[in-house]
Amino acid sequence: MLRSLLISPDPLDESALIAARRMTGGMGAAVYFSGVVRGSEASQPISAIEYECFRPMAEHQFHQLFDELERRWPVESVRLVHRIGVVKVGEPSLWVEVVAPHRGESFAACQWLIDELKRVVPIWKKPVG
Amino acid sequence: MLRSLLISPDPLDESALIAARRMTGGMGAAVYFSGVVRGSEASQPISAIEYECFRPMAEHQFHQLFDELERRWPVESVRLVHRIGVVKVGEPSLWVEVVAPHRGESFAACQWLIDELKRVVPIWKKPVG
Amino acid sequence: MTVRVQFWSYFKDLTGCAQASEELAVGATIGDLLQRLQARFPNLIAMQNSTLIAVGVEYQSRDYVLKDGDEVSLFPPVQGG
Amino acid sequence: MTVRVQFWSYFKDLTGCAQASEELAVGATIGDLLQRLQARFPNLIAMQNSTLIAVGVEYQSRDYVLKDGDEVSLFPPVQGG
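Order-wise, the sequence lines are chains X, F, R and Y.
To convert, note that position 15 of the first sequence is 3 in this note's numbering; the numbers rise steadily by one, no gaps.
To convert, note that position 7 of the second sequence is -5 in this note's numbering; the numbers rise steadily by one, no gaps.
To convert, note that position 78 of the third sequence is 79 in this note's numbering; the numbers rise steadily by one, no gaps.
To convert, note that position 24 of the fourth sequence is 25 in this note's numbering; the numbers rise steadily by one, no gaps.
Only chain X is shown next, with the shape it has when bound in the complex:
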């Protein structure tokens, strides 16, 4: 399984990421999730979220999740980008791509990966007023 992980303070260029997709002939389904910073947090308006990351552990935990994902589903490729630092309202903080032969597998693996990262990857958010 191809894996690409980027944890970065730079803005996330989804169009460029899509353009870089590689799929072999057996693959029929690519599922994407873009998580975008909402304009309020706990009913209070905010202008941004600041993401803090314990990077070596985050990378290790992401790769453990990729290992488990590969055991569970016939996924050819997973790519994940997580922004850190200040991410403004309306900008994506998380981008995930899962490529598999069929849509059921891609959807299941993508949702599982996001659920799990929110459980184990050491990244925290702080609203910016």
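Treat the hints with care, as some may be off.
Said to hold, decoys possible - Listed below are the simulated DSS-like cross-link pairs for lysine-lysine, each with C-alpha atoms no more than 25 Å apart in a straight line:
(1) F:K76 x F:K114
(2) Y:K13 x X:K76
(3) Y:K13 x Y:K68
(4) X:K106 x X:K76
(5) R:K68 x R:K13
(6) X:K114 x Y:K13
(7) R:K13 x F:K106
(8) F:K76 x F:K113
(9) F:K113 x R:K13
(10) X:K76 x X:K113
(11) R:K13 x F:K114
(12) X:K114 x X:K76
(13) F:K106 x F:K76
(14) R:K13 x F:K76
(15) X:K106 x Y:K13
(16) Y:K13 x X:K113
Unchecked claim - A short, non-exhaustive set of chain R residues, derived as facing chain F with CB atoms under 8 Å:
(17) W9
(18) S10
(19) V58
(20) S74
(21) F76
(22) V79
(23) Q80
(24) G81
(25) G82
Bear in mind the hints are in silico, worked out from the structure with no lab data behind them.
No residue lacks a Cβ here, since even glycine has one placed at the ideal position from N, Cα and C.
Based on these hints, arrange chains F, R and Y on the given structure of chain X.
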């Protein structure tokens, strides 16, 4: 709910579609599905799939699905592109975007929409050897 | 009354045509139309349990009562995506 | 033996520091370390049921036996995405 439907023989430019995304401040989740033509059909290698469409009925059925989707989930926007005519192996034939406040809603609505379109929208495929 | 019938996907190959029309008595249903079409195009008989039927742009069942000028579509299970 | 402790997210605000170190007897567990830290930083007590603990880059439970030089991280529930 914003809705955009395109049934077209033209190649699908996913990067351009992504670049055209509009999300208001309450939206946090965009889910995408790209369905790509696989290199074999019923274990036989193919070079393309030809899609035939009964277009007025397909458009009507798509809009009925959008109506139902809007009743079920708080989706702000759904965009769907389906290619017709000859689509080569490795090229996307279907692209779906669902934008909602939270990821659970976007994933559920996107998966439901694809399941339903495969049940009711009059489009048929013919493998090209 | 006259109804026009349109065939889609491999139903065109089964019947050898894309369109046909049938003269039916007032009050005839889609079920009656199907019987007439199966007599005319026997290849449709094997598909009868997986035939989808629309009038205009809406799915209809076999007990739908046809009207003069109805445009009926017959096709196999759809396969979009 | 000496273990270094790193605090993340609002645990830094609760303790007023990003890092601390503790001298512990050989055989001490994470549970023992937490008791020592709660005495030193009483604001951690209220968080004890939602405190996550890692040694290096792996999660560990309270009965993990610490080794000299271990780098322990304490943090609240994660919130990526």
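Hints, verified against the model:
Using a Cα cut-off of 25 Å, the hinted pair K76 of chain F and K114 of chain F holds, with the two alpha carbons roughly 12 Å apart. Between K13 of chain Y and K76 of chain X, the direct Cα distance comes to roughly 24 Å. Compliance with the 25 Å bound is thereby established for this hinted pair. Between K13 of chain Y and K68 of chain Y the CA atoms are separated by roughly 24 Å; this keeps the pair inside 25 Å, and the hint holds. A threshold of 25 Å between alpha carbons decides the hint, and for K106 of chain X with K76 of chain X the separation of about 20 Å falls inside it, so the pair holds.
For the hint pairing K68 of chain R with K13 of chain R, the CA-to-CA distance comes to about 24 Å; that is within 25 Å, so the pair holds. The hinted pair formed by K114 of chain X and K13 of chain Y meets the criterion: a straight-line CA distance of about 13 Å does not exceed 25 Å. Straight-line distance between C-alpha atoms of K13 of chain R and K106 of chain F comes to about 21 Å, which keeps the hinted pair within the 25 Å bound. For the proposed pair K76 of chain F and K113 of chain F, the alpha carbon gap of about 12 Å is at most 25 Å, so the pair holds.
For the hint pairing K113 of chain F with K13 of chain R, the CA-to-CA distance comes to about 14 Å; that is within 25 Å, so the pair holds. In summary, the hint linking K76 of chain X to K113 of chain X is supported, as the alpha carbons are separated by about 12 Å, within the 25 Å threshold. Taken as a hint, the K13 of chain R and K114 of chain F pair is honoured in the structure, with Cα atoms around 13 Å apart against an allowance of 25 Å. Restraint check for K114 of chain X and K76 of chain X: the C-alpha separation of about 12 Å stays at or below 25 Å, so the hint holds.
For the hint linking K106 of chain F to K76 of chain F, the alpha-carbon distance of about 20 Å falls within 25 Å, and the restraint holds. A C-alpha spacing of about 24 Å is found between K13 of chain R and K76 of chain F, which places the hinted pair at or below 25 Å, so the restraint holds. Proximity of K106 of chain X to K13 of chain Y is assessed by CA-CA distance (about 21 Å); at most 25 Å being required, the pair is judged to hold. Between K13 of chain Y and K113 of chain X, the direct Cα distance comes to roughly 14 Å. Compliance with the 25 Å bound is thereby established for this hinted pair.
For W9 of chain R, the interface hint holds, since its Cβ comes within 8 Å of a Cβ in chain F; the closest pair sits about 6 Å apart. Hint on S10 of chain R holds. Least Cβ distance to chain F is approximately 4 Å, under the 8 Å limit. At about 4 Å, the closest approach between the beta carbon of V58 of chain R and any beta carbon in chain F falls short of 8 Å, and the interface hint on this residue holds. Of the supplied interface hints, the one on S74 of chain R holds, with its beta-carbon coming within about 6 Å of a beta-carbon of chain F, less than 8 Å.
Because the closest C-beta pair between F76 of chain R and chain F is about 6 Å apart, less than 8 Å, the hint holds. Taken as an interface hint, V79 of chain R checks out: its beta carbon lies about 5 Å from the nearest beta carbon of chain F, inside 8 Å. Interface restraint check: Q80 of chain R against chain F, minimum CB-CB distance 5 Å, threshold 8 Å, status holds. A hinted interface residue such as G81 of chain R counts as satisfied when its beta carbon comes closer than 8 Å to some beta carbon of chain F; here the least separation is about 4 Å, so the hint holds.
Checking G82 of chain R against chain F by beta carbon gives a least distance of about 5 Å; that is within 8 Å, so the hint holds.
When each numbered hint is compared with the structure, no violation occurs for any of them.
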